[in-house]
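Chemist: Read off the chains here:
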Amino acid sequence: MRKSTHVLLVATLLLASCARDLQIDLPDEPARIVVVSHFTTGEPFQANVTLSQPVYAVDDEGTPASVDITVSNGGQFYTRLLRKLDDRGKIFFESSAVVRPETPYTITVEIGGYPRVQATSSVPPFNGLESFRVLDSIRIENLADGKKALRIPLELKLPNLLPVTGRYYAFNLRHEKYVYEIINGQKVFDYPEEADTYFVTDGPTLSLLNNIAEPVVLVNENFWNDNRRKLYLDAIIPFNPATDEVKRIFLEWRTLSEDFYRYHLSLARQGTNQPLSDPDAVFNNVINGYGNFSGYSVSADTLIIPN
Amino acid sequence: MAIQVKAFFVFIALLFTGLLQAQNAPLPSVDFDCQDCTPAQALVQLARQTGINIVFSDRFFSQCPPVRITVQATPLLKIVDQISACSKATYQVMDGQIVFFRKNPRYTFSGYVQDAETGERILGASIRILNEKGGGAISNEFGFYSIRLEEGTYNLLVSYLGYRREPLQLVLNADQFMTIKLQPDNTLREIVILGSSPDSAALRHNHVPLNLSLSGLKNLPMPGGEADLLRQAALQAGVQTGVDGLGGLNVRGGNADQNLILLDDVPVYNPSHALGLFSIFNTATVSSAQLWKGDFPARYAGRVSSVLDVRTRDGNFRKYRAQVSTGLFAASGTLEGPVIKEKMALLVGFRTTYFEPWVRFFSKRGNLLNFSGDKVSYGFYDMNAKLTFVATTKDRFYLSFYQGSDNFRNQYDQLVRRTEGVYTNQYTLNSVWGNTIAALRWNRVIHSNLFSNTTLRYSRFIYQSTLGFQSTLLSTATGRETTEADYAQLYQTLIRDVSLKTDFTRYFNPNMTLRWGGNYTRHIFQPGTIQINFLQPGQSPSSIDSISRILTNNELLNAVETEVYIDAEMKPFKNWMIEAGVNGSAFLGRQSNYGALQPRFRLQHTGSKGWSQWAGFHRHTQYLHQIGSFNISLPFELWVPSTRKVPPERVWQGTFGLGWRGAGWNTQLEAYYKKFERVLSFVAVNDVLLNGGAEDASGWEDRITGGTGRSTGIEFLLEKTTGPTTGSIAYTLSESTRQFPALNSGKVYPFRFDRRHDLKINLHQRLFRWLSADAVWSFATGNPITLGSVKYTHQTPGGDQTQVVYIFTAVNNYRLPLYHRLDVALNGQFTHGRLQHGFQLGVYNAYNRANPSYILLDLESGVKGKATQYTLLPLLPVFRYEVKYQF
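Top line first, the protein sequences correspond to chains E and U. Under our numbering, read the first sequence as residues -1 to 305, first letter to last. Under our numbering, read the second sequence as residues 265 to 1151, first letter to last.
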């Protein structure tokens, strides 16, 4: 009797485990062609092509051996993308012809044994900034490590008349500083240094800016509601007063196609896939496959920082 | 849908056909002229002219002046009305004749129904007239009743669940105000476990609202033996919760924030402790609880899915009484008694938990809450107080107060060894949240058939979380310790209401009751204030550097909500009842004004042999919304108002039902169609600050997206309500979906708590006079969740950044395994003089079903479909002991 009571007690405690392994009958999704290509006016088309994998795969997907990529315009062949290697030896595909503005292009990717995929997009009409300026006095902040940082209040202003829909924008801030060497008490120019610029802003603005897997920050379309046309940012540029001089701030301003915007917004939202919250489906404009083919137009502005 | 709509109209047509058949054939229209005739002469002339017998006595018109009537093609009865206008007689058309008879004077029989032992008012007691005419009244939410009857002698039967039936003979020859005292019947209290009393139900001719039985509630086996009102509500057909209670109530496909939960008429914004494991209601202090599943009358507004109206007890007006209860998780105590005998009573209840050993148990097993620290603590407490003052026989004042709080603390220390030294990182999370509720009410019997209630209300819910991080470095080179990082973050969300509400009830006669009233509420919202202090080494904690100030979100919003309503309960014909009303509301928020008219209509026919049919249409508007990353009503999710960018939610619901009640059995089948014309969802972003699990609320207005939804279902209930064996079977077949243009590529997807099948079986067996056994078995389709099956890596040519993209072919595309669970318990009660003992002993989740709360796919193993399932509540013992003593 006593033994059986112990057995029952131990069995109960073992059964009371709260986390346990489970085998889920995941549907077998066939591998499909994945094409990722963003393009802009005057540049050649570039694309990465891979194959989708099951979520549990641990190997790198790699680039398929035989890939045929063409771009057409209005049903007519426009250009073919050829295999190339980037600086790190990674394979990508590039066209010889360049992109024309506001022209709908269709990319077609064919790999033997897989359904042919197609996607269509264009470079949207450019909607540039009306002004980009330093708003207020530039301050010097003390940082925790004893260094200093320039705090530069910036104003990015769009024209008053924005399109009713399709307010899809992204931007990137970079800066250039000159690094000097101190020789015999004299500052001697050593080399220029260019880097991404950190920025801070108020909470409501910050909540509508998304970091994405591209070298730009995505601005949520809702930011431009309420006739809001100005984006305020404080650029923070660490520097050493003894050896550094911040010279310029570069702003890259992109007007995005809806395909670009929706795709990257949906990728950004994947970051909150917490167990109990609803994740959102990823935007996909590639028929029979996955990925994104989308255009954007771009401009560059430069601000000279006074000494 | 088309079939449903057709069926609805056919039903309405049949109802009206029945109504028409119930009337006599119309009498003719005639030309009639009679100048300076006495009414008797006029009636004789009219009878001769039409050939229709008119039977009357001259005495009926002896005080009346002559009449002058000249009419053409006028309905006969209209002429009769004109002739007999001054008389104290009335008439009826019987077998083609018009028969006059003397009008009996009518008087009002009104008063309160109260507990004979404690003097507490009894809500929902039935006063049935046993004479031929039948009818009667139900005491209202303050125990008041009023019936207007003709002069005469009546046999009445007054009854309420758990009390002996009280027969009364009433000789009514003037207005009477009577306090009816019912004697508690402990035997009966143990037998009936569910639903309304048969008398009350028969009087109402109605299947709504659901009266949650408090005596039955204590017998139900629940985690730790803690009787829980929300868990009992979730046993009803059409009411669901997330797994093991997590996620609040979901009524007919509605979100948890769409339930209006009232404690003494004050809205409660967070009705749960421990993220949904327990409700805030200390059942020892609760007097009644009623649940409407969408078909609620016009006096309730502000939420679109359901109403749970919970009222607390008044306390004992005669003797002091104490009650102590202890379970595995919590202990509670209640003290009540007269402050001034028969005039003023006080009820105080307190409940606290000793949860920490269980938290450690769960945390070591890597459960849902994933408490990782070795210094984890969690606890909650409740306090209820109510002071009732009987100023006069017609004036009563109530002061109710509730304060509850949860406190979670987790401290985690980490040592990191590097070449430069040893870093000690310390994370400290401290979260406190809770409700404060107060109500000052004045009941006044303005007239024997006019009752008023005026309430000043206060409700506040606050969530505060502080997260601290400190890193110190013990240098290898110098042996000195320096502070490398130190920051503290405060997150707070708040909603606070102050409101004034007044309600009037006029009892015209047993067939007509009218309610009207209004309220004015001022809301204050603080949707997610974040303040972060970054400290420099050596800085004092109170100093904040300029960067942190910029990250501070300190938004305070005001809004005003007003509403007026009128509600009528009519019995126009025998066996027919109409509940009709309209609620008009206005909401003034930030840069926005909204208004809504919300019609409510319900028609019921009670036929012979206990059968009844009903149909209803209800429209609801909601101006307040709870938003957050999880959208399952967790305490750190924010309450926000409607604004210009965030419009109100709107829902309409149609119901059609069929029921039968008799011989201790009750069964009903109800179909519903619920259209969410506008629902909201919060779109989370990836830049979640480290704010203790809470979502940064900045820019919340621009992160809410609107969509639509639909919920359809059939609910079946079979109840046995009397005898040694009682119980119920509640089954729901339903489908609930959502559609948002900005989510799931605009496609329809299953609602998070969509469950096709939901079955609850509840059985109560009296074994001995002092001992009973209870069992509850729940079975449901698994909740939908979203799982991706395919991935790829996003990288543009030459790009430095990559992101693994999981392809969710659709939102909520996968179902968790079936949910089922058996709970069993034995309940005993003993009485020794003034001492009463009770115990509950049992098992929750008796066969230790591992019901998954969520599933995480293992993406690292390389094995297809490998996942980890997390279960919240495994097999748990149920134990409660309580003792009551009456001084």
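In case anyone wonders, no lab produced these hints; they're calculated from the structure. Check each hint, because a few of them may be wrong.
Said to hold, decoys possible - Below, a sample of chain E positions facing chain U; criterion: calculated Cβ distance under 10 Å:
id	residue
1	D19
2	Q51
3	F124
4	G126
5	L127
6	S129
7	R131
8	S135
9	P202
10	N220
11	L265
12	N282
13	I285
14	N290
All C-beta atoms, glycine included, are put in the ideal place defined by N, C-alpha and C.
Chemist: Of the numbered hints stated earlier in the document, which are not met by this structure?
Modeler: 3, 4, 5, 6, 7, 8, 13
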